[in-house]
Amino acid sequence: MRIATYNVEWFAELFDKHDKLLLDQEWSRRYNVRRIDQAIAIAEVIERVDADIILIVEAPNTGNTQDTVKALETFTKHFGLRQNAVAMGFANDTHQELAAIYDPFVVDVRHDPIGEFSAGEFSAGDTEVHAPRFDSRFRYDVDVDGKAEVFEFSKPPVELAVENLKTGKKLRLIGVHTKSKSTYGANNKKEELGMLVDNRRKQLAQCIWIRQRAEEHLAAGDPFIVLGDFNDGPGVNGFENLFARSGVEIVLGDSETGLLVEPYAAIMLDPRQAWSLSTARFYISKFKRYLNALLDYIMLSPDLAQTTNPAWRIWHPFDDPECFDDKSLQNALLTASDHFPVSVDLDY
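Numbered by my numbering, the letters in the sequence shown go through residues 17 to 364 in order.
Hints are computed from structural coordinates only; laboratory data are not their basis. Be aware that one or more of the hints could be misleading.
[To be verified] Below are the DSS-like pairs computed for lysine-lysine, each with C-alpha atoms no more than 30 Å apart in a straight line:
(1) LYS186 x LYS86
(2) LYS33 x LYS86
(3) LYS304 x LYS343
(4) LYS86 x LYS185
(5) LYS205 x LYS93
(6) LYS205 x LYS163
(7) LYS182 x LYS93
(8) LYS205 x LYS86
Just need the whole structure built from these sequences, with the hints factored in.
Here it is, written out as structure tokens:
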């Protein structure tokens, strides 16, 4: 079984307000990329990665007239992709949904959220709430001042129950897109600093929430995977020191509480390593250079890591030799998105 995560930049902008696929020569929201070229590139990447399940981060929008499932079904049908079934969780207000496309002849996938719904109006100082449902509210004292704060996901993680139709084996997926630490909209250095700290607090609270859910699965003996775009990683943000750990480290856990397995994150946790990995590539106009960052992860529960002979892969157009040597795939990866897929193969 192959499982992948793929953040597709501005995927929603390839559809009109009624989910019609826009295959024309107009510019996409990707810099210097036509809509038809981006759509073709996305399809080629999905076909070449050839995963049985792909978590699409920043999937097309669900709103008053749009529907994520309909848009993705339209896309996969048009390009004849075998991953032509769609499962999604709670819709959000950001136009960037979390959804999975999958091969219905290989796996059965359904949205299966757990946790109690934490409703009502809460204020800082209320009693902490443990791992509520991801579309509700989480109360936790992140900055350790003795007062619990209230947090919500702008993009609630999607919880999926998965069954391999060939083997009958089951597992759970938690697909995530945690809070960005961007300071877009700041008018001065003071506002920027305030946004950096506030966004870091929100990001860490979301990761603590996800980790609490992971520990519930560990206690129950559930094989599971946490995957997606964390907008974070060991050493990615200078404000880690303010809160001791990155969000990725929080979700990974430790040997006492149950350490999730992610080899790329493990490399970045070693301060002595002299090389870096990346799953995303952004142009920084100030320096006229590309910034490479490790933001996308696939974390396995210990039992899966020990019993399934897992093999991870970052489909990087320059750092993966096969992607680099295959110019068609390399070009598709660069045209489709500013993130690159991450996959894991499991004997499961």
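Hint check:
no. : hint            : result
1   : LYS186 x LYS86  : holds, 26 Å
2   : LYS33 x LYS86   : holds, 12 Å
3   : LYS304 x LYS343 : holds, 24 Å
4   : LYS86 x LYS185  : holds, 28 Å
5   : LYS205 x LYS93  : violated, 48 Å
6   : LYS205 x LYS163 : holds, 28 Å
7   : LYS182 x LYS93  : holds, 24 Å
8   : LYS205 x LYS86  : violated, 43 Å
The structure does not agree with the numbered hints 5, 8 stated previously, though it agrees with the rest.
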